Amino acid sequence: MLPRELVEEVLRAARRRGGSFSELFVEERTSTSIRLDDGKVEELTTGLDRGAGVRVALGTSYGYAFSNRLDRESLLAAAEAASVALTEGQPGTVVDLTEREGAGTNRTERPAGTFPAADKVAWLRELDDAARSLSSEVVQVIGVYGDSLQRRSIANSDGVWVHEDRPRIRLASQVVAAREGNIQTGMFGPAACAGVEFFERFTAKAIGEKAAQRALTMLESIPAPAGEMPVVLAPGMGGVLFHEAVGHPLEADAVDKEASVYRGLVGTRCAGELVNGVDDATIPNGWGSYDFDDEAEPGQRTVLFEDGVLQGFLYDRLRASKEGVGSTGNGRRESYASPPIPRMTNTNILAGVSKADAIIRDTERGVFVTSLGGGQVNPASGDFVFGVSEGFLIERGEVTTPVRGANLIGRAIQVMSAVDAVADDFDTWEGICGKDGQQAPVGSGSPTLRISKITVGGTGA
Amino acid sequence: MPELDDLCRTAVEAAESDEAVEAYAEESRRTEASALRGEVEGLEFAESRGVGVRVIRDGRLGYAWAADPDQDEVREAVRRARENAALAAPDEHNVLPEPADWTPIPELFREESAAIGADDKTRLALALEARAISHDPRVTKIDEAQVGDAVSRVAIASTTGVTAEYGRTDAWCLAVTLAVEGEETQTGFSYRIARGLPELDWEAVADEAVQRGVRMLGAGKPPTARVPVVLDTFAAMSFLGVLAGALSADAVQKGRSLFASLVGEQVGSGLFTLVDDGTNVAGPGAAPFDDEAVPSGRTELFTEGVLNGFLHDTYTAHKGGTVSTGNGKRGYRSPPGVGTSNFYLDAGETPVEELLRDAEGGVLIQDVSGVHSGANPISGEFSVGATGLRIAGGSLGEPLREMTIASTLPEMLTAITGVGDDLRFFSSVGTPSVLIGEMTLAGV
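From first to last, the protein sequence lines stand for chains A and B.
Taking the numbering used here, I'd label the letters of the first sequence as residues 897 to 1357.
Taking the numbering used here, I'd label the letters of the second sequence as residues 20 to 463.
The hints are simulated quantities; they were obtained by calculation from the structure and are not laboratory data.
In this text, all values refer to a predicted model and were calculated from it rather than measured experimentally.
Careful, some of the hints might be misleading.
Said to hold, decoys possible - Computed, partial: chain B to chain A, Cβ under 10 Å: (1) Met20; (2) Pro21; (3) Thr141; (4) Arg142; (5) Gly201; (6) Tyr210; (7) Ala213; (8) Gly215; (9) Ala238; (10) Ser288; (11) Val387; (12) Gly456; (13) Leu460.
Said to hold, decoys possible - Footprint (simulated), chain A over chain B, 3 or more residues, beta carbon under 8 Å: (14) 51-63; (15) 348-359; (16) 431-440; (17) 447-455.
Stated by the list, open to error - Below, in silico cross-link-like pairs of lysine-lysine (DSSO-like), each with a Cα-Cα straight-line distance of 27 Å or less: (18) Lys1349/A to Lys1251/A; (19) Lys936/A to Lys160/B; (20) Lys1218/A to Lys1349/A; (21) Lys273/B to Lys1349/A; (22) Lys160/B to Lys1218/A; (23) Lys1331/A to Lys160/B.
Where is the CB? At the ideal position from N, CA and C, for every residue including glycine.
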C-alpha cells in the first residue's frame, strides 16, 4: 500500500529516541452490513476505513499514535508523536525491509466483495422465510449480514514486512417466538474468514431455522434450577467456556502483571486429565485465523493443556521479549487505531473418546447446555460467569425440559479440574471478544464435555 | 484539512433534487497514558475523524461512511448511500428532522483542559499508581492505572436546512488494583470522569480501587437463599443498560420491550424515578443537541414507579405520532438509533449507612458480571454473577464470591425499598445505591 522508502523513513523517524523496535501498521478496510428486520431491509451500510498506526517500544513500555491519512507528512507526525513516550536516547537503526509470504490460511474462492448487494439481501430473505415457515409462533425475525475485507501491511525496524488480506463473512439470525404472553428469543450466527463459499457449510435457510428452533424450544422452558450440580456442555460450548475462563488468564499481559490465576503453574496439573487444549491461528478459514498476527509474527498452533497439565501462555512481542521467549503469534489489534495486545485466535478443547449420549446417560441430575450467550472473567481471581441461552434439565440420564434464565458461575481452575468426561464429537462457535476496549473476532471449539460440579444460577427450585 | 462543516456542506450540495441528504461528521483527539511498576506503560495518541451520510429517497434509507474523507470521497459516500437506498424497503417514517433552535452549552468545552500536554498525563498516571500501592501492605501492584482525555467536535448538516456544530472535552481515569493475601488475589476497580483533567479526583480513584480489592480478600461462597440486597453504585449501574434498551421506542414499536403495554401503570416501587436528561450539565452525556441535531431534552421515564413513556429519535417519533425526545445517537459509522444522553436513577435521601441497616442479614453487591448475556431485555428475566459482602450489624462483614443473583426487571423494580443519596455517574449512566427488599442469591 505504501512505497518501501516511505515505510523505512517512518520506521526510522519513530526510532529517533531509540527504543527496542518501531513498527508501522497500515490498514484499509471495506465493509458492507445489511439488516433485515420484520421482512424489510432496514439498513444497508457500506464503509470505507483507512489508517496507519506507528508504535515504538522499549521493554514493555510503548508509545502509539495513528493517522487516518497515509501521506508522508501525516505518517511522520504519527511517528514523532509515538516517540514522545520514550525518554531521550540515541536513534535506533532500521534493517532493510524484506517482504515475507504468508501461508494463505484464509484463501477465498469467491470474495464477498464481488457479489452485488442484491444477492446479500436475497440471502437475508431466505433466512427470514425459513425462520417464519417453521411455526406461526415465530413473531419476529431479524437477519444481519456482514462482510469485510481488511488489507493489512505491517513493517518493523527488524526488517520484517508482511501483507495479508483478511476476508470476513457472517450471517446471523435472531428470532422471537411468542405464546400467550410468553416471549422467548433464539439466536444463531456462524461466521468465517472466507468468501461466499461459507454458505456451503451453513445455508441461509439453516441459520434462520436454527435460531427459530431455539426460540420455540425456549417457549417450553421452566425457570432454571439454582445451586451446584453437574453440567454437560454440547459441542462448541465447552470452547466458549475454555476461551473465557481459561484463555484470558493465559494471555501473557495478565500473567506479566501477576493478574493471572495461572501464573507460575506451567508444568502443573490445573485441569482434568481429559483436557487437551490449544490456541490455533492456522485453522483454514477459521474466524480467528491468520497468516501473521498484527505485529507480523507468523500465526501458530500453541498447546495450552496436555492431559490437564498447563503447557504455556499466549504471547505478543512485548511480553515474550520480557520473558526471554518467542512470541506465539498472538499479538492482535482491533484496527490501526489500537496497539496490539495478547489475544486468543481459535481456542479449542480437543476431542476425547467417550460417546456424547453415554455422558448424558451417566448423569443422574444436571443441566445440558446447548447454547451460551457469552460470558466474562476476572483473570486475577479466575471468577467467571456465563449466560445460558438454551439449556435443558438432565433427569435420570435423559435430556428433558428446557430451562431459561440460567447462568454458570465458577472459578477457572476448580471448574476445569472438574471436567470428568470428554466426547469424540466436535463443533465450533464464532464470537466477538472484548478486551481493553478492543473487539476481536475469535473462534472456539470443543467436543461434548461434562463438568462434575458447577454453580448454576437460576430462579427455580 | 477541510473543516467538519465544509465536509457536511459538500455532502448536502451533492444531493439530487428528489432526495434528502444528511451528513454527520465527528473528530476527536484523544490521549491516554498508563503506568505500570513506576514506569510509563503506554502513551497513546489518537486523532480520528469521519463522515457518515444518510440518503433518503422515496422513503428508502441508505447509509455510507468514510474515515477521514476528502471532499471527493464525501461525494462518493453520497453516491454509495444512494445506491444502498435503492435496495432498502420504503418506509414513510424515514424522515430528517427540521432545523430547531438549540442552546449552546459552553461548559462542555474546557479550553484549559484541551491544552494539557502528554507529560502531565503520564505524570498523573504514575501518581495514580504510586498512590494505589502505598496504602495497604496487601496492595503492592496494580493491573491498570490509566489517565486519558479527549477533545471532540461534531457537525451535522442536511437538506432540510439543519446546520449544527459543537465541541466538548472529556477526561477520565481508572485504576484496577491487585490485592494479595497468601495464594489469593482479588481485584479492585474504580473509575471517574470529568469535563477536564484538573477536575478529576484521581486520589479518590486510587483509594477506592484499594478499598474495593482489599475488602474482597478471603471471600467465600454463600448458601443459596432469598435475602435483602443492596446494589452499590457500580452494581446498580450495570442494570441501567438493560433498562435503557427496554425503554427505547424502537424496541417498543418492534414488540421487543417488556414495558410496551405498561405506560401509565405502576411498574416499580414509589422510590423509583428514572430520567434521561441531555441538558443536565452535571452529567457527562450532556450535549446541546443529539446526533440528528434535535435539541437535547429531559424525559422522565418513570415517576415514582409509574411508567410515563419512552425515548425517541426522529424515526420512532414520526412512527409513533409524537416528537423526538432528542435521543438519536450514533457514531459516524452507523445511522442514528435510539440511545441515552444522561440516563440516571434519581437520587433518594437515604444515606448508604441507613440502607445497610435496613438490609440486615443481606448482601451488599459491589460487582455484577455477565449482564450482557445474562439478562433478557424482552422477557426481563436475568441471572448474573455477583461479588459482594455480607451485611451484619449494619456494617459490612464477610466477603462473598461465586454467587449469582436472579430475578426479573419488574420484580426487582417493585422490590426497591430504599434509594441512596449517593448518585454517581459512570460515563453517561448514573445511579445511587439501591436497596432491593428480597432477591434470590445462588451459591452453594
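Structure-based check of all given hints:
no., hint, in the structure
1, Met20, "holds (8 Å)"
2, Pro21, "violated (12 Å)"
3, Thr141, "holds (8 Å)"
4, Arg142, "violated (13 Å)"
5, Gly201, "violated (13 Å)"
6, Tyr210, "violated (13 Å)"
7, Ala213, "violated (19 Å)"
8, Gly215, "violated (21 Å)"
9, Ala238, "holds (8 Å)"
10, Ser288, "violated (20 Å)"
11, Val387, "holds (9 Å)"
12, Gly456, "violated (16 Å)"
13, Leu460, "holds (9 Å)"
14, 51-63, "holds (count 7)"
15, 348-359, "holds (count 3)"
16, 431-440, "violated (count 0)"
17, 447-455, "violated (count 0)"
18, Lys1349/A to Lys1251/A, "holds (20 Å)"
19, Lys936/A to Lys160/B, "violated (54 Å)"
20, Lys1218/A to Lys1349/A, "violated (38 Å)"
21, Lys273/B to Lys1349/A, "violated (40 Å)"
22, Lys160/B to Lys1218/A, "holds (18 Å)"
23, Lys1331/A to Lys160/B, "holds (20 Å)"
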